[in-house]
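Protein chains: 2
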Amino acid sequence: MEIGKTQLKTVLERIKPHIHRTPVLTSSLINEIAGTNLYFKCENFQKMGAFKMRGATNAILSLPEEKRSKGVVTHSSGNFAQALSLAAKSLKVPAYIVMPESAPEVKKAAVRTYQGIITECPSTLKDREETAKRIQEETGATFVHPSNDIDVILGQGTAAIELLEDHPELDIIVSPVGGGGLIAGSALAVKHFGNNCICIGGEPLEADDAWRSLKSGKIESNESANTIADGLKTQLGNQNFPIILNHVQEIIRVSEDEIKSALRLIWERMKIIVEPSSAVALAAVIKEKNRFQNKNIGIIISGGNVDLSNLPF
Amino acid sequence: MEIGKTQLKTVLERIKPHIHRTPVLTSSLINEIAGTNLYFKCENFQKMGAFKMRGATNAILSLPEEKRSKGVVTHSSGNFAQALSLAAKSLKVPAYIVMPESAPEVKKAAVRTYQGIITECPSTLKDREETAKRIQEETGATFVHPSNDIDVILGQGTAAIELLEDHPELDIIVSPVGGGGLIAGSALAVKHFGNNCICIGGEPLEADDAWRSLKSGKIESNESANTIADGLKTQLGNQNFPIILNHVQEIIRVSEDEIKSALRLIWERMKIIVEPSSAVALAAVIKEKNRFQNKNIGIIISGGNVDLSNLPF
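For the record, the sequence lines run as chains Y and W. The first sequence begins at 1 in full-length UniProt numbering and counts up one residue at a time. The second sequence begins at 1 in full-length UniProt numbering and counts up one residue at a time.
For the record, the hints were derived by calculation from the structure and aren't laboratory data. Quantities reported herein were computed from a predicted structural model and do not represent experimental measurements. Certain hints may be false.
Identical copies look the same in the list; a pair holds intra-copy or inter-copy alike.
Stated by the list, open to error - Cross-link-like lysine to aspartate or glutamate pairs, in silico, EDC-like; alpha carbons within 20 Å at most:
1) Lys89 - Glu32
2) Lys260 - Asp307
3) Lys108 - Glu268
4) Lys89 - Glu66
5) Lys70 - Asp151
6) Lys260 - Glu65
7) Lys233 - Asp257
Extracted from the complex, chain Y is given alone in its bound form (with noise of 0.2 Å):
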């Protein structure tokens, strides 16, 4: 099925009362050192500290109102845990989150924080996609992937089309290539809300199984994934894959230096807290820059949630 302009303005007016509008910085210095015009869509301002709140209120808001009371359940011990537990807790539906039991005790806690219902399980993904189906027969709830679900893909892409509202003059928006659910609902707000706009992702080269997986045009997967930009190291899925796929102009990957290089500049030079996930775009315009003089290009900055005692620093 083809997603069409009107279903993306849909799921922004629905999900619009439930998240923040967040803020485009510009940084002088940035532009100077990247040689273009640079728009950061500040999602680490977002509720809940990541764009990741956009696409679990639409999911949730997609149910009909006899599943929707039932409650959602998902398996992640990372933002989209807490994404999904803050969004179920706002539209008053219970949410169940099935976490490793290995999962650090600090992320267990910000799920508890927003009442998200733990359930915990050995840490292989059979483990855990049982746990799920368990819950699911037994309360009615309806799963929700963190990046694989079409109304996830749909909510995340609601960042760029924001963005796209502000500044209608981009040339280019750079996402962080992760699960997948980001790139592809930016890479559909792109196509939809675009002016002559192309849609680009940055990739850790030590986790660049979307870049192998645009050139070998099937699903690939990561042997290890060594990168600091913890939030990318999932691979893509079998929804997000094929708008990727068609809607994506191209990968770039870059290094743990690049990345930390990056981040470095926003934290020091723009003084916001991002996660290292959002310096990778930054990181990807940086290492192509003579490709990019002076064109306007909006950087999806995807969160803020770092753990502030164990920085790259």
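Start from chain Y and add chain W according to the hints.
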């Protein structure tokens, strides 16, 4: 000489083309913790990363043309050295910066970035003053003190004017207290632009010279200043102390743990980078939260220049 409302307004109009009008941010989570409505005036987003850009710009613009062209001189190893250098650069006049030989290389490099002309000297106050004096004589440059100069004080006060323009409903504005320039300027702004608003200071217990000065009625100094709020170690001066004595309602002292905890709250929840000095104002409100319930409180976030390789987390 008593400062009038017109004079303050003139200062704001004069420096406006040369500074950023910084945003005012809020956090519903921090409001919940403090039980108040907090409005953070984000001078960490000011040019060069701190409010000092305001005072430095006003000091230079206040000079008659024939003096202005000969430039300005100051002794500082901190934010004011950078602020005066950048303001002078923008206004196309030379800035002579006297710095102790022992100052960290990173601070010297920052001044050079803004084209400040550095003269190094031994680190005693006497050496610094004599070196500045010599440069004045040799170049005809005007000495500008980082905090004890009426034009600097009036410039710093413009942050609070803007905050009150955006939020005339404020009951209290809280500013950190270091050398006294920011709080004196803020107090004048509150007096002339506030509606039944009062000005309160926040100060580290470990460098509580201003708190003691308000008690004794004369300028006190710190024997030691073992605080992470390194911008607040300096003492008041004869220009700003009378203003503080007359127009600052009270100073609230906070412990190092209270500063660190407020700092972490701002970083983690607001996703912005602020210096420890800025956290002192929030720490003061949280410490006395029972007195401030449901008040509308403005917090001056003084700046965001921190050494990322040396964080207190």
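**Message:** At most 20 Å between CA atoms: does that hold for Lys233 and Asp257 within a copy, between copies, both, or neither?
**Reply:** within (17 Å within a copy, 36 Å between copies)
**Prompt:** Is it within, between, both or neither when you check Lys70 against Asp151 at 20 Å Cα-Cα?
**Reply:** For Lys70 and Asp151, the Cα distance is within 20 Å only inside one copy (18 Å; across copies 64 Å).
**Asked** Can you tell me if Lys89 and Glu32 fall within 20 Å by alpha carbon in one copy, between copies, both or neither?
**Response** For Lys89 and Glu32, the Cα distance is within 20 Å only across copies (17 Å; inside one copy 43 Å).
**Prompt:** For the identical chains here, do Lys89 and Glu66 meet the 20 Å Cα criterion within one copy, between copies, both, or neither?
**Reply:** within (17 Å within a copy, 65 Å between copies)
**Prompt:** Under a CA distance limit of 20 Å, which applies to Lys260 and Asp307: within one copy, between copies, both, or neither?
**Reply:** both (15 Å within a copy, 15 Å between copies)
**Message:** One pair to classify: Lys260 and Glu65, alpha carbons no more than 20 Å apart. Within, between, both, or neither?
**Reply:** neither (45 Å within a copy, 46 Å between copies)
**Request:** Measure nothing new, just compare the shortest in-copy and cross-copy C-alpha distances for Lys108 and Glu268 to 20 Å and report within, between, both or neither.
**Result:** between (30 Å within a copy, 17 Å between copies)
Hint violations for this structure: number 6 only, all remaining hints satisfied.
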